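Asks: Protein chains in written order, with numbering that gives the first Met the number 0: chain A, 0 to 182; chain B, 0 to 182; chain C, 0 to 182; chain D, 0 to 182.
Rather than coming from a laboratory, the hints here were simulated on the basis of the structure.
Among the hints, a few may not be true.
A short list of chain B residues far from chain D (calculated; beta carbon distances all over 12 Å) [claimed, not checked]:
1) Leu25
2) Ala65
3) Ala116
4) Pro123
5) Leu161
6) Ala174
With beta-carbon atoms standing in for the labels, derived distance ranges [said to hold, decoys possible]:
7) C:Arg28 - D:Ala45: 24 to 34 Å
8) B:Ala45 - A:Ala150: 21 to 31 Å
9) B:Pro111 - C:Asp170: 48 to 58 Å
10) A:Val61 - C:Ser110: 32 to 42 Å
11) B:Pro55 - A:Asp170: 45 to 55 Å
12) C:Ala12 - D:Ala98: 22 to 32 Å
13) A:Ala65 - D:Arg35: 36 to 46 Å
14) C:Pro43 - A:Val61: 54 to 64 Å
15) C:Pro160 - B:Gly156: 42 to 52 Å
16) D:Ala58 - C:Ser142: 25 to 35 Å
17) A:Ser11 - C:Ser142: 31 to 41 Å
18) B:Arg33 - A:Asp170: 11 to 21 Å
19) D:Asp170 - C:Arg26: 53 to 63 Å
20) C:Arg158 - A:Ala65: 24 to 34 Å
It should be emphasised that the depicted structure is a prediction, and the values quoted were computed from it without experimental measurement.
Every residue gets a Cβ at the ideal spot worked out from N, C-alpha and C, and that includes glycine.
Number of protein chains: 4
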Amino acid sequence: MPSILVLSGSPSATSRTAALAEHLALRLRERDHRVRTIRVRELPPAALLSGDTRDPAVAEVVEAVAAADGVVVASPVYKAAYSGLLKSLLDLLPQFALAGKAVLPVVTGGSPAHVLAVDYALRPVLSALGAHHVVQGWFVLDSHIVAVGDAVELAEGARRPLYEVVDGFSDVLHARRPLIDAS
Amino acid sequence: MPSILVLSGSPSATSRTAALAEHLALRLRERDHRVRTIRVRELPPAALLSGDTRDPAVAEVVEAVAAADGVVVASPVYKAAYSGLLKSLLDLLPQFALAGKAVLPVVTGGSPAHVLAVDYALRPVLSALGAHHVVQGWFVLDSHIVAVGDAVELAEGARRPLYEVVDGFSDVLHARRPLIDAS
Amino acid sequence: MPSILVLSGSPSATSRTAALAEHLALRLRERDHRVRTIRVRELPPAALLSGDTRDPAVAEVVEAVAAADGVVVASPVYKAAYSGLLKSLLDLLPQFALAGKAVLPVVTGGSPAHVLAVDYALRPVLSALGAHHVVQGWFVLDSHIVAVGDAVELAEGARRPLYEVVDGFSDVLHARRPLIDAS
Amino acid sequence: MPSILVLSGSPSATSRTAALAEHLALRLRERDHRVRTIRVRELPPAALLSGDTRDPAVAEVVEAVAAADGVVVASPVYKAAYSGLLKSLLDLLPQFALAGKAVLPVVTGGSPAHVLAVDYALRPVLSALGAHHVVQGWFVLDSHIVAVGDAVELAEGARRPLYEVVDGFSDVLHARRPLIDAS
Numbered sequence: 000m001p002s003i004l005v006l007s008g009s010p011s012a013t014s015r016t017a018a019l020a021e022h023l024a025l026r027l028r029e030r031d032h033r034v035r036t037i038r039v040r041e042l043p044p045a046a047l048l049s050g051d052t053r054d055p056a057v058a059e060v061v062e063a064v065a066a067a068d069g070v071v072v073a074s075p076v077y078k079a080a081y082s083g084l085l086k087s088l089l090d091l092l093p094q095f096a097l098a099g100k101a102v103l104p105v106v107t108g109g110s111p112a113h114v115l116a117v118d119y120a121l122r123p124v125l126s127a128l129g130a131h132h133v134v135q136g137w138f139v140l141d142s143h144i145v146a147v148g149d150a151v152e153l154a155e156g157a158r159r160p161l162y163e164v165v166d167g168f169s170d171v172l173h174a175r176r177p178l179i180d181a182s
Numbered sequence: 000m001p002s003i004l005v006l007s008g009s010p011s012a013t014s015r016t017a018a019l020a021e022h023l024a025l026r027l028r029e030r031d032h033r034v035r036t037i038r039v040r041e042l043p044p045a046a047l048l049s050g051d052t053r054d055p056a057v058a059e060v061v062e063a064v065a066a067a068d069g070v071v072v073a074s075p076v077y078k079a080a081y082s083g084l085l086k087s088l089l090d091l092l093p094q095f096a097l098a099g100k101a102v103l104p105v106v107t108g109g110s111p112a113h114v115l116a117v118d119y120a121l122r123p124v125l126s127a128l129g130a131h132h133v134v135q136g137w138f139v140l141d142s143h144i145v146a147v148g149d150a151v152e153l154a155e156g157a158r159r160p161l162y163e164v165v166d167g168f169s170d171v172l173h174a175r176r177p178l179i180d181a182s
Numbered sequence: 000m001p002s003i004l005v006l007s008g009s010p011s012a013t014s015r016t017a018a019l020a021e022h023l024a025l026r027l028r029e030r031d032h033r034v035r036t037i038r039v040r041e042l043p044p045a046a047l048l049s050g051d052t053r054d055p056a057v058a059e060v061v062e063a064v065a066a067a068d069g070v071v072v073a074s075p076v077y078k079a080a081y082s083g084l085l086k087s088l089l090d091l092l093p094q095f096a097l098a099g100k101a102v103l104p105v106v107t108g109g110s111p112a113h114v115l116a117v118d119y120a121l122r123p124v125l126s127a128l129g130a131h132h133v134v135q136g137w138f139v140l141d142s143h144i145v146a147v148g149d150a151v152e153l154a155e156g157a158r159r160p161l162y163e164v165v166d167g168f169s170d171v172l173h174a175r176r177p178l179i180d181a182s
Numbered sequence: 000m001p002s003i004l005v006l007s008g009s010p011s012a013t014s015r016t017a018a019l020a021e022h023l024a025l026r027l028r029e030r031d032h033r034v035r036t037i038r039v040r041e042l043p044p045a046a047l048l049s050g051d052t053r054d055p056a057v058a059e060v061v062e063a064v065a066a067a068d069g070v071v072v073a074s075p076v077y078k079a080a081y082s083g084l085l086k087s088l089l090d091l092l093p094q095f096a097l098a099g100k101a102v103l104p105v106v107t108g109g110s111p112a113h114v115l116a117v118d119y120a121l122r123p124v125l126s127a128l129g130a131h132h133v134v135q136g137w138f139v140l141d142s143h144i145v146a147v148g149d150a151v152e153l154a155e156g157a158r159r160p161l162y163e164v165v166d167g168f169s170d171v172l173h174a175r176r177p178l179i180d181a182s
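Full structure from sequences and hints, please.
Replies: Have a look at this one:
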């Protein structure tokens, strides 16, 4: 069962990005993945900003990234790019931390004007981390993420394309296993 | 006397980026600017990462940005882009925080392979902050920043082009004042 | 009277980008500029694609760029970036062809999802050409460019912000002259 | 036998990019691929620049892209990005021309300062074309491409990492076939 780590990089306590990340984690569990979600904002701020990988909580996340088969990287768009919070975590990972992993970038934003931040801002950073297979990313408008009790639903038009991308990511992970086991 | 704020975004306590920023501040003072340097790493980490602009130290920096005529934005290259630490500060500035200001991006890195991070990663974020005049930025190789006691010197070949860029930035600021005063 | 060259990079014979470029040229003439517009598609294709700067028509454009005080670079968004046609012309310019010039990037597209192409795709190329002052660029939605006889008008909401950007560009050019004359 | 199309986008008649593309085509043939190489500069310039897909030579290339299982996209770095010549071809492809294909970006340049053009300039365009699996790209220094008679060799240090990337691309293509056949 390919394992997936979901990193959610919104600074906000009541974040649509985080709620969307949990929603995608549920979908991935239904498709036979062991999924763990990490909110970067719950890591110790001082250790994060100083890149202190000896901090136990930070060290544990670095190990979790190393152990995962796939990584979902979720961020709101701030100032035409990913959040500084998310980048602080990515900064302290080893140079090729994403080598050999499938990676799914998901970005949320208030306006369609931010769509290209996925490919021009986030994807080059994931490439720099050695990610060999960054699947097609996706941008979700804030207004398409609708609160339903404690959880969220996706607006009709937004659900199908995002699920296609997420399911494609899951397929990549399921397809790789045998290849790797056989080698 | 046009005022300049230097934001230095390295997470490291013994940072070449920070030492270079101080060196440029000296140069700018000699050219008749009031210059203040802020190391982002000295701001309270929790307030920074949660975007808490009510924190007094953070609020004071937001005001200092608003009051400055020019801003130098200095960052090391991490994972093909600016540091998450620097971006955390930029994230909590108001949407058009750099409107009407001259901005000088300076990036340091261990390899010439990171040069384009100035124009492809940092500059679009400065544009998103409303900067109307981002002058030509500059990339400085770590190995060209040489410690001399507590301060740093620049290697022979690196000094002239960087000073040209810094002096050009200063010229822009001195040229603008009368124009603005006259209007 | 600061001179301006408008480069319009749409491959289409009936292009909104080209019509918008002419519209902006009119506005700039009213603000006391000598303005010339060049449609890249009217240059000889073989010379353009092979970078043949001995071709008389190409050579003449290279000289016109060198002689201009300001350059407007206009392109439609194709595949998340500027057109290949525009880039073919930029490719054959000398390395620092835009040094010392003010440059205004203007991009048109069918969807707001392409907005960031101005800052992430076009602006880094203009920086690589040595442009020291690329003013704030602008993105215009195709649907805001309305044909009126042979010319175009801009939709109400689109006109004001674009004119502000264009007038700002003009102000930069008028302000620089005396500075340069004085030196 | 998965088929591969190599698009080589240098405007120059005696191009290192083109020679490198042929060299990679040889390697891929040895690894059991049907490989075809297209030099974009040999397509009719007028049809290319006007996006005329009714031109027989252009139409044939559009079909060849559609039929290929994998595509190598090779370009020199000009002005911090891919060549306008290459982009002219990409511009006239249908919107999702690379959907379902594996894509390998290869960029050549005179200085390591251009390395990030692979990930910040070329890759976002490939994503916009719907490419679902762009493998790790590679940057090759001009000085590492050494002429040997009519062909080229790669300098010692450059050969191994590039072959690893190319072989990884080949592995992706060989691994996909059964998956697709089985579905």
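Asks: Would you mind marking each hint as holding or not holding in the structure?
Replies: Status of the hints after comparison with the structure:
For Leu25 (chain B), the condition that its CB be more than 12 Å from all CB atoms of chain D holds, with the nearest at approximately 28 Å. Separation of Ala65 (chain B) from chain D is adequate, the least Cβ-Cβ distance of about 31 Å exceeding the 12 Å criterion. Residue placement check: Ala116 (chain B) does not keep its beta carbon more than 12 Å from all beta carbons of chain D (closest about 6 Å). Against the 12 Å criterion, Pro123 (chain B) falls within the reach of chain D, whose nearest CB is about 10 Å from its own CB.
At roughly 15 Å from the closest C-beta of chain D, the C-beta of Leu161 (chain B) stays outside 12 Å, upholding its exclusion from the interface. Remark: the non-interface label on Ala174 (chain B) is consistent with the geometry, its nearest Cβ contact in chain D lying 28 Å away (cut-off 12 Å). Range check, Arg28 (chain C) to Ala45 (chain D): about 32 Å between beta-carbon atoms, so the 24 to 34 Å window is met. Distance hint check: the CB atoms of Ala45 (chain B) and Ala150 (chain A) are about 28 Å apart, consistent with the given range 21 to 31 Å.
For the hinted restraint 48 to 58 Å between Pro111 (chain B) and Asp170 (chain C), the CB-CB distance of approximately 37 Å leaves it violated. The given range of 32 to 42 Å is respected by Val61 (chain A) and Ser110 (chain C), whose C-beta atoms sit roughly 39 Å from each other. A C-beta distance of roughly 51 Å is found between Pro55 (chain B) and Asp170 (chain A), which places it inside the suggested range of 45 to 55 Å. Taking the beta carbon of each, Ala12 (chain C) and Ala98 (chain D) are about 29 Å apart, inside 22 to 32 Å as hinted.
A hinted range of 36 to 46 Å for the beta carbons of Ala65 (chain A) and Arg35 (chain D) is consistent with their spacing of about 40 Å. In this structure the supplied range 54 to 64 Å holds for Pro43 (chain C) paired with Val61 (chain A), their Cβ-Cβ distance being about 57 Å. Between Pro160 (chain C) and Gly156 (chain B) the C-beta distance comes to about 43 Å, which sits within the given range of 42 to 52 Å. Distance hint check: the CB atoms of Ala58 (chain D) and Ser142 (chain C) are about 30 Å apart, consistent with the given range 25 to 35 Å.
Remark: the range hint 31 to 41 Å for Ser11 (chain A) to Ser142 (chain C) is upheld by a beta-carbon distance near 34 Å. Checked against the given bound of 11 to 21 Å, the beta carbons of Arg33 (chain B) and Asp170 (chain A), roughly 59 Å apart, lie outside it. At about 56 Å, the CB distance of Asp170 (chain D) to Arg26 (chain C) agrees with the hint of 53 to 63 Å. Separation of Arg158 (chain C) from Ala65 (chain A) is about 54 Å and departs from the stated range, judged on CB atoms against 24 to 34 Å.
This entry does not satisfy hints 3, 4, 9, 18, 20, going by the numbered hints stated previously.
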